[in-house]
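Taking the hints into account, I'd like the entire structure generated from these sequences.
Protein chains: 2
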Amino acid sequence: MSGEGLGEFGRIRRFFAPLAGPGGLDLRDDAALLSCGAGRQLVVTVDAIVAGVHYLPDDPPDLVARKLLRVNLSDLAAMGARPRHYLLTTALPAALDDDWVARFASGLGEDQRRYGIALLGGDSVATEGPAVLSLTAIGEVATGAEIRRSGACPGDHIWVSGTIGDAFLGLAALRGAYPNLPPEQRAALIGRFQLPEPRVELGPLLAGIARAMLDVSDGLIADLGHICEASQGGATVALPQVPLSAPAQQIVASAPDLAARLATAGDDYELLFAAPPEASDRILGLSAELQLPITRIGTIEKSAGVRLVDAEGKPVPVAAGGYRHF
Amino acid sequence: MSGEGLGEFGRIRRFFAPLAGPGGLDLRDDAALLSCGAGRQLVVTVDAIVAGVHYLPDDPPDLVARKLLRVNLSDLAAMGARPRHYLLTTALPAALDDDWVARFASGLGEDQRRYGIALLGGDSVATEGPAVLSLTAIGEVATGAEIRRSGACPGDHIWVSGTIGDAFLGLAALRGAYPNLPPEQRAALIGRFQLPEPRVELGPLLAGIARAMLDVSDGLIADLGHICEASQGGATVALPQVPLSAPAQQIVASAPDLAARLATAGDDYELLFAAPPEASDRILGLSAELQLPITRIGTIEKSAGVRLVDAEGKPVPVAAGGYRHF
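Residue numbers (numbering that gives the first Met the number 0), protein chains in the order written: chain A, 0 to 325; chain B, 0 to 325.
Careful: at least some of the hints might be erroneous.
Which copy is meant is left open, so a pair is good if it fits within one copy or across any two.
Stated by the list, open to error - The calculated lysine to any residue pairs, modelled on SDA-like cross-linking and capped at a C-alpha distance of 25 angstroms, are:
1) K301 with E277
2) K301 with A237
3) K313 with A252
4) K301 with A141
5) K313 with L95
None of these hints come from the bench; they were simulated from the model.
See below:
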């Protein structure tokens with residue numbers, strides 16, 4: 000509780016209660032209520048972020064809120080679930096005043112409307128350290144229709160939505176890299192870092208199509224490794240097939256070695272999935288319907304491990320380890 | 000992620016995956032699965048605690064874990080729900096090593112077995128500040144059987160489980176107060192501060208009996224104020240009726256002014272509820288069945304506000320404001 004400003008209760012009443020959905024009981028009760036329809040399952044995920052680790056302390060608070068929410072919605076999409084509700088805990092230093100909280104809540108409000116979800120509950124505490132924000136997101140999927148990481152079979156095609164590597168390049172651009180890039184391309188890359196687009200529409204539509212899926216957060220190659228491990232198989236990815244945005248293509252054109260780095264960069268929040276070859280037409284149909292690129296980048300195989308190859312099928316070295324935040 | 004020891008993934012695999020229930024998918028997927036039976040509702044709550052604010056940094060990690068869990072189970076009990084699952088996020092400084100995490104997880108494991116619940120998912124991040132721990136607990140209640148804070152009616156009796164003020168006295172004892180108290184009484188008070196007993200059995204049994212309920216965390220008087228506000232009424236509480244433990248009675252005997260302080264102290268995690276007079280026999284029956292004191296302390300009234308009175312019905316002054324942590 001803060002001795003100045005609105006205090007914990009005041010902030011909840013002013014900024015967060017207006018975000019509460021019907022089950023949130025106006026954030027006045029001990030807990031929230033939640034029902035799931037017959038034949039439906041709930042899908043639950045939680046992520047925490049820390050100032051200075053996952054975002055910069057002076058990032059706009061509305062963007063911080065929206066990124067936190069979207070990262071969780073991406074996890075729900077990766078299970079094939081539609082988002083419904085979320086809960087939030089904030090541990091904030093005294094330096095973050097009511098105005099910061101107001102802007103943080105306004106970012107949540109904006110994305111709530113965009114994604115048709117509502118706040119169910121939360122907690123707000125003080126810390127003398129950097130801000131720690133934790134969000135639990137709850138979605139819904141038909142019972143048995145969830146898409147897990149396991150389930151990929153040898154011969155399955157590997158697909159990825161959108162483009163890869165933009166968030167990595169956006170963070171570099173924020174730090175002053177690529178000064179010659181046109182401003183709108185620069186802004187596009189930075190936007191991909193600051194505000195991912197969770198594939199909330201595509202995810203649920205892949206039920207019955209994708210046999211294994213996740214969202215790319217640790218890096219394309221590391222995350223494909225997670226699918227392979229869970230599915231007890233391996234994979235080969237053709238680096239030239241990995242989809243890059245126009246600005247990323249332009250940067251890679253003058254620094255070809257960067258291509259392999261982008262495949263391990265992370266924070267893409269694109270859906271990566273395995274599907275049987277006969278599903279290709281349906282996948283390309285979804286791509287057209289959603290006006291979202293979905294690109295085949297490789298094949299699931301029997302032998303363990305993820306192999307990255309060039310246009311001639313020669314191995315491309317991949318840096319070890321997953322994605323590390325700044 | 001930590002550069003030393005097991006690292007984030009290693010800790011999850013070693014310490015937390017063994018705590019996962021069936022819906023937790025071994026903590027290897029993007030999200031967890033959760034179903035609720037026909038005619039059942041889920042009840043969800045979340046609480047965060049910070050080292051140095053809600054617990055002392057050198058408190059035993061297993062007790063920290065169990066207290067965090069129990070505080071959330073108390074919220075579920077206050078809605079009349081039975082606990083089922085939980086999710087956890089930890090933001091930990093580098094000083095908390097694998098051994099600390101192992102002991103923290105072992106505390107969770109112990110209380111999981113005690114309460115018949117399982118871990119559904121989580122996230123683990125690094126912070127340069129004090130540890131921040133956030134836990135989302137999920138319970139179940141028959142649809143419409145939940146007990147909210149609103150619903151108390153004038154004439155309802157006000158009841159409270161267990162005893163009040165022990166956690167406050169336990170914290171004082173930890174800091175060296177009451178040096179003449181017998182060691183076993185001292186330990187009992189400290190235990191109430193370090194490890195609350197959520198009333199998980201009583202809560203669900205009060206469905207159809209209690210018209211309004213919550214758990215006492217901000218302090219008996221402040222929390223009764225929350226019931227009154229939500230129920231658009233008021234209340235009078237007889238201070239001599241507020242149940243005290245044997246050690247608390249002994250301390251109050253030599254410091255009578257402390258009695259009113261205990262009624263505002265907080266962290267009791269007892270159930271406070273309003274019920275119609277005709278429910279008294281059933282309530283006393285539950286008290287006998289569970290071998291848990293349930294004491295009538297006052298009456299719900301029409302006029303707003305909470306009044307504390309002495310044995311003669313004279314007003315007892317109450318300090319303003321709710322409970323503040325150390």
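Hints and how they fare:
| no. | hint | result |
| --- | --- | --- |
| 1 | K301 with E277 | within (19 angstroms within a copy, 70 angstroms between copies) |
| 2 | K301 with A237 | within (17 angstroms within a copy, 74 angstroms between copies) |
| 3 | K313 with A252 | within (20 angstroms within a copy, 85 angstroms between copies) |
| 4 | K301 with A141 | neither (30 angstroms within a copy, 47 angstroms between copies) |
| 5 | K313 with L95 | neither (52 angstroms within a copy, 44 angstroms between copies) |
Checked against the numbered hints listed earlier, the structure breaks hints 4, 5; every other hint is satisfied.
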